[in-house]
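*Asks:* Kindly generate the complete structure, drawing on both the sequences and the hints.
Just so we're aligned, residue 1 is where the sequence shown starts under this note's numbering, counting upward by one.
Do not rely on the hints blindly, as some may be mistaken.
Said to hold, decoys possible - The list that follows gives simulated cross-link-like pairs (lysine-lysine, DSS-like), each with its CA atoms no further than 27 Å apart:
| hint | residue 1 | residue 2 |
| --- | --- | --- |
| 1 | Lys17 | Lys91 |
| 2 | Lys62 | Lys34 |
| 3 | Lys146 | Lys91 |
| 4 | Lys17 | Lys34 |
| 5 | Lys225 | Lys62 |
| 6 | Lys146 | Lys17 |
| 7 | Lys34 | Lys225 |
| 8 | Lys34 | Lys146 |
| 9 | Lys17 | Lys225 |
| 10 | Lys136 | Lys62 |
| 11 | Lys34 | Lys91 |
| 12 | Lys229 | Lys91 |
| 13 | Lys136 | Lys146 |
| 14 | Lys62 | Lys91 |
Simulated from the structure, these hints should not be mistaken for laboratory data.
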Amino acid sequence: MAIFAIGDTHLSFGADKPMDVFRGWQDYVSRLEKNWRALVSPADTVVIPGDVSWAMQLSAAKADFAFLDALPGQKILLKGNHDYWWTTMRKMQDFLTQNGFSTLRILHNNAYLVEGISVCGTRGWFFDAAEEAADKVLLREVQRLKASIAAGRALGGRPVVFLHYPPVTQTQRCEPILDALREEGVTECFYAHLHGASIASAFQGELAGIRFSLVSGDALGFCPKRLEKRKS
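*Replies:* Printed below as a string of structure tokens:
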């Protein structure tokens, strides 16, 4: 059994938001499905760190969730900045259950134990966010990150963190998120969000004992990335 990651699937079966208009995104859904089926087995797990669906409401995400549910493996979904369908944990879990989406799980203030790894994470926050009360939102995301890591440790696994927003790029750092990762002893962090020309600004490698990897869909050529096995 293996763990894979790929973010920014940006599915739009229930919304008029085609991504094919962007360079590098032509036929991305069929490419994603082909690559996924070639790599992922029913026993594997795929983490999708945000921007899962363009749906504006949970009900409108049904077709997108059906597409993911039909693909091999278990899927763990995080919130991205475009996941407007996101709501309370109870409502999302009820929706998945009512529609028989048995392979989809939500990561929100919790964690999942997979092959000795505790899958932890949250949306995170970005450097140039213009939203009002940005500091308050950032603090909330730090608290959610710590809560998720604590839940992961309680499960007995090695915490591996997944974020939507990058906590660090070649030129910028989100220090509160980085501080939380360091304080919690996290050694691996996967993030998404960066597309197109911005992929060149991604920081990939080790910083302060933490290995960072970009897993946005177009950065991976819409091919899920398999996590390497590392010693605890």
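*Asks:* Does lysine 225 sit within 27 Å of lysine 34, going by the straight-line distance between their CA atoms?
*Replies:* Cα-Cα ~14 Å, so holds.
*Asks:* Going straight from one Cα to the other, do lysine 62 and lysine 34 come out at no more than 27 Å?
*Replies:* holds, 21 Å
*Asks:* Just to be careful, I want the Cα atoms of lysine 17 and lysine 225 compared with a cutoff of 27 Å; is the pair within it?
*Replies:* Holds, at roughly 25 Å.
*Asks:* Is lysine 62 within 27 Å of lysine 91, Cα to Cα?
*Replies:* holds, 13 Å
*Asks:* Lysine 146 and lysine 91: Cα distance at most 27 Å?
*Replies:* Since the Cα atoms of lysine 146 and lysine 91 sit roughly 23 Å apart, the hinted pair holds (cutoff 27 Å).
*Asks:* Does the alpha-carbon distance linking lysine 229 and lysine 91 stay inside the 27 Å limit?
*Replies:* violated, 34 Å
*Asks:* CA of lysine 136 to CA of lysine 62, is that 27 Å or under?
*Replies:* violated, 32 Å
*Asks:* Would you mind confirming whether the straight-line C-alpha gap from lysine 146 to lysine 17 stays at or under 27 Å?
*Replies:* violated, 34 Å
*Asks:* Are the Cα atoms of lysine 34 and lysine 146 separated by 27 Å or less?
*Replies:* Distance ~36 Å between lysine 34 and lysine 146 Cα, so the pair is violated.
*Asks:* Regarding the pair lysine 34 and lysine 91, is the alpha-carbon distance no greater than 27 Å?
*Replies:* Outside the cut-off at roughly 31 Å; violated.
*Asks:* Lysine 225 and lysine 62: Cα distance at most 27 Å?
*Replies:* holds, 25 Å
*Asks:* Starting from lysine 17, check that the Cα of lysine 91 is at most 27 Å away, please.
*Replies:* holds, 24 Å
In this structure, the hints that do not hold are numbers 6, 8, 10, 11, 12, in rising order.
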